[in-house]
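For this one, chain C is given, so just place chain S on it according to the hints.
From first to last, the protein sequence lines stand for chains C and S. 0 is the number of the first residue of the first sequence in numbering that gives the first Met the number 0; add one for each residue after it. 0 is the number of the first residue of the second sequence in numbering that gives the first Met the number 0; add one for each residue after it.
Just so you know, the hints here were simulated from the structure itself, not pulled from any lab data. Some hints could be false.
Dumping the calculated DSBU-like pairs for lysine-lysine here, alpha-carbon to alpha-carbon at most 35 Å [unchecked claim]:
{"no.": "1", "chain 1": "C", "residue 1": "Lys306", "chain 2": "S", "residue 2": "Lys196"}
{"no.": "2", "chain 1": "C", "residue 1": "Lys194", "chain 2": "C", "residue 2": "Lys49"}
{"no.": "3", "chain 1": "S", "residue 1": "Lys196", "chain 2": "S", "residue 2": "Lys49"}
{"no.": "4", "chain 1": "S", "residue 1": "Lys246", "chain 2": "C", "residue 2": "Lys184"}
{"no.": "5", "chain 1": "S", "residue 1": "Lys242", "chain 2": "C", "residue 2": "Lys194"}
{"no.": "6", "chain 1": "C", "residue 1": "Lys218", "chain 2": "S", "residue 2": "Lys246"}
{"no.": "7", "chain 1": "C", "residue 1": "Lys210", "chain 2": "S", "residue 2": "Lys240"}
{"no.": "8", "chain 1": "S", "residue 1": "Lys15", "chain 2": "S", "residue 2": "Lys106"}
{"no.": "9", "chain 1": "C", "residue 1": "Lys123", "chain 2": "S", "residue 2": "Lys240"}
{"no.": "10", "chain 1": "S", "residue 1": "Lys230", "chain 2": "C", "residue 2": "Lys123"}
{"no.": "11", "chain 1": "C", "residue 1": "Lys194", "chain 2": "S", "residue 2": "Lys218"}
{"no.": "12", "chain 1": "S", "residue 1": "Lys230", "chain 2": "C", "residue 2": "Lys194"}
{"no.": "13", "chain 1": "S", "residue 1": "Lys246", "chain 2": "C", "residue 2": "Lys123"}
{"no.": "14", "chain 1": "S", "residue 1": "Lys230", "chain 2": "C", "residue 2": "Lys218"}
{"no.": "15", "chain 1": "S", "residue 1": "Lys51", "chain 2": "C", "residue 2": "Lys194"}
{"no.": "16", "chain 1": "S", "residue 1": "Lys246", "chain 2": "C", "residue 2": "Lys49"}
{"no.": "17", "chain 1": "S", "residue 1": "Lys31", "chain 2": "C", "residue 2": "Lys279"}
{"no.": "18", "chain 1": "C", "residue 1": "Lys194", "chain 2": "C", "residue 2": "Lys136"}
{"no.": "19", "chain 1": "S", "residue 1": "Lys144", "chain 2": "C", "residue 2": "Lys184"}
{"no.": "20", "chain 1": "S", "residue 1": "Lys218", "chain 2": "C", "residue 2": "Lys123"}
{"no.": "21", "chain 1": "C", "residue 1": "Lys210", "chain 2": "S", "residue 2": "Lys246"}
{"no.": "22", "chain 1": "C", "residue 1": "Lys194", "chain 2": "C", "residue 2": "Lys218"}
{"no.": "23", "chain 1": "S", "residue 1": "Lys240", "chain 2": "C", "residue 2": "Lys272"}
{"no.": "24", "chain 1": "C", "residue 1": "Lys26", "chain 2": "S", "residue 2": "Lys246"}
{"no.": "25", "chain 1": "S", "residue 1": "Lys1", "chain 2": "S", "residue 2": "Lys194"}
{"no.": "26", "chain 1": "C", "residue 1": "Lys210", "chain 2": "C", "residue 2": "Lys279"}
{"no.": "27", "chain 1": "S", "residue 1": "Lys192", "chain 2": "S", "residue 2": "Lys106"}
{"no.": "28", "chain 1": "S", "residue 1": "Lys242", "chain 2": "C", "residue 2": "Lys123"}
{"no.": "29", "chain 1": "C", "residue 1": "Lys136", "chain 2": "S", "residue 2": "Lys15"}
{"no.": "30", "chain 1": "S", "residue 1": "Lys1", "chain 2": "S", "residue 2": "Lys168"}
{"no.": "31", "chain 1": "C", "residue 1": "Lys272", "chain 2": "C", "residue 2": "Lys136"}
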Amino acid sequence: MAILVIAEHENGALAGATLNTVAAAQKIGGDIHVLVAGQSVDSVAEAAAKVAGVAKVLKADNAAYAHLLPENVAPLVVELASGYSHVLAPATTNGKNYLPRVAALLDVDQISEIIAVEAPDTFKRPIYAGNAIATVKSNAAVKVISVRTTGFDPVAAEGGSATVEAVAAAHDAGLSSFVGEELAKSDRPELAGAKIVVSGGRGMQNGDNFKHLYALADKLGAAVGASRAAVDAGFVPNDMQVGQTGKIVAPQLYIAVGISGAIQHLAGMKDSKVIVAINKDEEAPIFQVADYGLVADLFEAVPELEKLV
Amino acid sequence: MKVLVAVKRVVDYNVKVRVKADNSGVDLANVKMSMNPFCEIAVEEAVRLKEKGLASEVIAVSVGPTAAQEQLRTALALGADRAILVECGEDLSSLAIAKALKAVVDKEQPQLVILGKQAIDSDNNQTGQMLAALTGYAQGTFASKVELAGDTANVTREIDGGLQTVALKLPAIVTTDLRLNEPRYATLPNIMKAKKKPLEVLTPADLGVSTASTYSTVKVEAPAARSAGVKVASVAELVDKLKNEAKVI
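Only chain C is shown next, with the shape it has when bound in the complex (with noise of 0.2 Å):
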């Protein structure tokens, strides 16, 4: 029983999502095997072959796969994966693109965002915006998952020495093409992996004033994040929203900032380890789930916090 595992990467770096989706796969047991699917991912492959506990990276490198087309890459690892008992990616915007599509091809019902791993066929998943967890068992011969990053903690990123291959396999199904991407540019740690995030909401009133959560995500080292609220006001780009249909995250603390805390936004940070909620409004449901809360205006206590750190 092997298990292949779909490697994220950017601009020739391995992402650190794929870490915690080969941890996923080493709870499941068996050969795991990453697949690198892209344009010139030499490096990619290199990262993926030291990673702890890979014992083989697959190289598709081909231009079709670049931006990961999932109408190109599908077809691609459904090809490769009838040797497997398990196809798992990491549940980012491009596992949740792509793994469906291969789902379906492969006639299986694929199982969304898992948390745990109870038995090699039997997971744990969120429901309702995380208010229920299902624990789903699947009888496909090919299981075909994606992992919910923050359930699992990643694997070390050296130590291992995995053989490279390269796969010939080119599909080109010439139905997409890449036109363009504006990336949002940021010194401050990824989102989604970072330690300690504070976030705004509403209550920021506008998007200059985020800037007292930018000196004081500086001074923790910490990644800023949003409400939808704060999204929709365009105070913020989306890519910064944490929830249900935002981001996804679990940091070491998580400082809510002007956040009302509806479940929707509780859905993408209730796992957090430590949640401090700063508010005015001492009803609002986020000092419910908050480990420490300060009802204050923001605006007079995020600088004196900072200010203490």
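For chain S alone, coordinates are given in the frame of chain C:
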């Protein structure tokens, strides 16, 4: 061109759901049900395409219980021309729903199918991608902008690092993100008019679709509750607690 929109009846997004005592599922008896918020955005986008003269007909489809007719009537009140319900009692997997939708696509031959990116109950985020796989069409998931030009759809997608634009050959499948548009409200005259619009009811058997699934739910539990926290009186006390009690900074 014809546009097909898939909608799902789900528990209202404001409802705090409770897990049943026997762990068989979530208690949905006497709970307010609504159209899935992402599906509302899909309907709105289709209606806007029609208003721009790009779509000739908007067909709303749902795969679900008899009561899902309510959500189809809502879609009709928002501007869809006619509706199809693929009626089935049990809760189907995303793959089974995609297969039913594929049969409807074969029957209706739409140029564009718009779905929500995920349903807020099962949180699967699968059906649109699976439908694309089964039909062999291109997919534009998590769309925040859709532009049609001839036989191409340019779709701007929300990705982890920002935005990405892809060009899709039509016919294609698009799934909506929250920022695609702001859905309108149905007005009373439109709700009245919607009652007269055609609603066809089919079964998976009529469409020759199998609803078998490769997974089963063993149990459903409530998540671990967080223990109640404390309120601190000042920023200094908060910093002290974080440094010395929680030891996180």
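Quiz item: Out of the numbered hints, which ones does the structure contradict?
Solution: 1, 8, 15
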